[in-house]
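For the first sequence, my numbering begins at 1273 and goes up steadily by one.
Be aware that one or more of the hints could be misleading.
Unchecked claim - Have a look at the derived ranges for each label pair, beta carbon to beta carbon:
1) 1348 <-> 1275: 24 to 34 angstroms
2) 1275 <-> 1358: 14 to 24 angstroms
3) 1339 <-> 1363: 26 to 36 angstroms
4) 1361 <-> 1287: 19 to 29 angstroms
5) 1357 <-> 1274: 27 to 37 angstroms
6) 1281 <-> 1352: 29 to 39 angstroms
7) 1358 <-> 1273: 38 to 48 angstroms
8) 1274 <-> 1358: 37 to 47 angstroms
9) 1360 <-> 1273: 34 to 44 angstroms
10) 1287 <-> 1319: 17 to 27 angstroms
Quick caveat, the hints were computed from the structure, so don't treat them as lab data. Being a predicted model, the structure only gives us computed values, none of them experimental. The beta carbon of each residue, even a glycine, is placed where N, CA and C say it ideally should be.
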Amino acid sequence: MSFRDEVYELVSRLPAGKLATYGQLAALCGRPRASRIVGAALLHAPEGLPCHRVIYRDGTLCCDKAFGGKEIQQQMLEAEGVPFLPDGRADLRVCQWEGPEAGFESED
DNA sequence: GTCATGACGGATC
DNA sequence: GGATCCGCCATGA
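Construct the entire structure; sequences and hints are all you get.
Below is the structure:
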């Protein structure tokens, strides 16, 4: 299990309507400072991965290098129920992912 | 094993 | 408050 694989696992467990930051996923992988590694991992991520739910600490979406445009990403998130601020950023304050154990009850 | 790079993040200017 | 710089760490050549 490589670091990237752990990142994939966490992202795949990300529920709709929830958002996570690169640094958060990195921390959950045991490397709080490896936020950039998470980004690099998502760059090589498979299609089934909801990597559009992973954004910056600031709540801003990633560059237009993903999903064909950050606007597309925002629309997908809005479709999942993620509130966006008039500032053009996601409302991380209310929809940030709490962790892999959130909603993960006795699934083992 | 070493050098360079990358979808970041925090600190500084 | 925004732009820029440096630091961090895994991955690939």
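Here's how the hints hold up against the structure:
{"no.": "1", "hint": "1348 <-> 1275: 24 to 34 angstroms", "result": "holds (26 angstroms)"}
{"no.": "2", "hint": "1275 <-> 1358: 14 to 24 angstroms", "result": "violated (36 angstroms)"}
{"no.": "3", "hint": "1339 <-> 1363: 26 to 36 angstroms", "result": "violated (19 angstroms)"}
{"no.": "4", "hint": "1361 <-> 1287: 19 to 29 angstroms", "result": "holds (20 angstroms)"}
{"no.": "5", "hint": "1357 <-> 1274: 27 to 37 angstroms", "result": "holds (35 angstroms)"}
{"no.": "6", "hint": "1281 <-> 1352: 29 to 39 angstroms", "result": "violated (20 angstroms)"}
{"no.": "7", "hint": "1358 <-> 1273: 38 to 48 angstroms", "result": "holds (41 angstroms)"}
{"no.": "8", "hint": "1274 <-> 1358: 37 to 47 angstroms", "result": "holds (40 angstroms)"}
{"no.": "9", "hint": "1360 <-> 1273: 34 to 44 angstroms", "result": "holds (37 angstroms)"}
{"no.": "10", "hint": "1287 <-> 1319: 17 to 27 angstroms", "result": "holds (19 angstroms)"}
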